[in-house]
Amino acid sequence: ETGVTQTPRHLVMGMTNKKSLKCEQHLGHNAMYWYKQSAKKPLELMFVYSLEERVENNSVPSRFSPECPNSSHLFLHLHTLQPEDSALYLCASSQAGVEETQYFGPGTRLLVL
Amino acid sequence: SQQGEEDPQALSIQEGENATMNCSYKTSINNLQWYRQNSGRGLVHLILIRSNEREKHSGRLRVTLDTSKKSSSLLITASRAADTASYFCATVFSGGSNYKLTFGKGTLLTVNP
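As given, the protein sequences belong to chains A and B, one line each in that order. Taking our numbering, I'd label the letters of the first sequence as residues 2 to 114. Taking our numbering, I'd label the letters of the second sequence as residues 634 to 746.
If you are wondering where the hints come from, they were derived from the structure by calculation, not from laboratory data. One thing to keep in mind: the hints can contain errors.
Here are the simulated BS3-like cross-link-like pairs (lysine-lysine), alpha carbons at most 27 angstroms apart as the crow flies [stated by the list, open to error]: (1) B:LYS738 to A:LYS42; (2) A:LYS42 to B:LYS703; (3) B:LYS738 to A:LYS37.
Each pair of labels, with its calculated beta carbon distance range [what the hints assert, rightly or not]: (4) A:GLU57 to B:SER672: 22 to 30 angstroms; (5) A:SER21 to B:ARG687: 42 to 50 angstroms; (6) B:LEU694 to A:GLY4: 17 to 25 angstroms; (7) B:LYS689 to A:GLU45: 23 to 31 angstroms; (8) B:ARG683 to A:LEU52: 40 to 48 angstroms; (9) A:GLY4 to B:ARG713: 21 to 29 angstroms; (10) A:ARG64 to B:THR710: 39 to 47 angstroms; (11) A:GLY15 to B:THR743: 34 to 42 angstroms; (12) A:LEU114 to B:ARG713: 38 to 46 angstroms; (13) A:ASN18 to B:GLU650: 45 to 53 angstroms; (14) B:THR743 to A:GLU45: 34 to 42 angstroms; (15) A:SER39 to B:LYS702: 24 to 32 angstroms; (16) B:ARG713 to A:HIS80: 26 to 34 angstroms.
Footprint (simulated), chain B over chain A, 3 or more residues, beta carbon under 8 angstroms [said to hold, decoys possible]: (17) 8-19; (18) 46-59; (19) 82-96; (20) 107-113.
Just so you know, even glycine gets a beta-carbon here, dropped at the ideal spot from N, CA and C.
I would like the entire structure built from these sequences, with the hints used as guidance.
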């Protein structure tokens, strides 16, 4: 798990709060991902960054805003979330164009009250 | 839906027994991957099998792929209590972006000591 780290590991926020999730990869990869994992549902791909450019935005509500300042760091900025946004948010990285395997962080468990 | 579907949804076995999980999908793939997730944690890549391969082994894991039936199976031999986890198949579809993994809902495996 030290290859991809995520902070915080747990987060409780109210619907009017603004918070950010952070992901860092130490694998030298050039692509990073945000996934949402809700109970009883498959993993949902939210955003993909390849070479620091966003290449995928899977119809995610604007209350989720990603940021990729460099190939090692990925943020997910959260504001005015809804209770149904409570989930495990997973970050992953890969070497785009070379290897399809993705390496996941431990996730941030988010609870929106 | 293009996503893979694992079967069964849950499987409970005794330590030392073999565990078999199946995955079916609906469209042509480039490769199929199996991941493992311990409760509330990140996913760990187990094995990748390409569309032109029929079987792969990794330690106690054996994966088969039948592209004519659009199905794959994951066999864990001589199971251990530490194998208790959720197992997901993920597919990369032909003609799709090679970074885009589509996950199933997973099989929850419980290995009783």
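Hints and how they fare:
no. : hint                                     : verdict
1   : B:LYS738 to A:LYS42                      : holds, 6 angstroms
2   : A:LYS42 to B:LYS703                      : holds, 21 angstroms
3   : B:LYS738 to A:LYS37                      : holds, 13 angstroms
4   : A:GLU57 to B:SER672: 22 to 30 angstroms  : holds, 28 angstroms
5   : A:SER21 to B:ARG687: 42 to 50 angstroms  : holds, 45 angstroms
6   : B:LEU694 to A:GLY4: 17 to 25 angstroms   : holds, 20 angstroms
7   : B:LYS689 to A:GLU45: 23 to 31 angstroms  : holds, 28 angstroms
8   : B:ARG683 to A:LEU52: 40 to 48 angstroms  : violated, 25 angstroms
9   : A:GLY4 to B:ARG713: 21 to 29 angstroms   : holds, 24 angstroms
10  : A:ARG64 to B:THR710: 39 to 47 angstroms  : holds, 46 angstroms
11  : A:GLY15 to B:THR743: 34 to 42 angstroms  : holds, 36 angstroms
12  : A:LEU114 to B:ARG713: 38 to 46 angstroms : holds, 39 angstroms
13  : A:ASN18 to B:GLU650: 45 to 53 angstroms  : holds, 48 angstroms
14  : B:THR743 to A:GLU45: 34 to 42 angstroms  : violated, 25 angstroms
15  : A:SER39 to B:LYS702: 24 to 32 angstroms  : holds, 30 angstroms
16  : B:ARG713 to A:HIS80: 26 to 34 angstroms  : violated, 44 angstroms
17  : 8-19                                     : violated (count 0)
18  : 46-59                                    : holds (count 5)
19  : 82-96                                    : holds (count 4)
20  : 107-113                                  : holds (count 3)
Consistency note: the structure conflicts with the earlier hints numbered 8, 14, 16 and 17.
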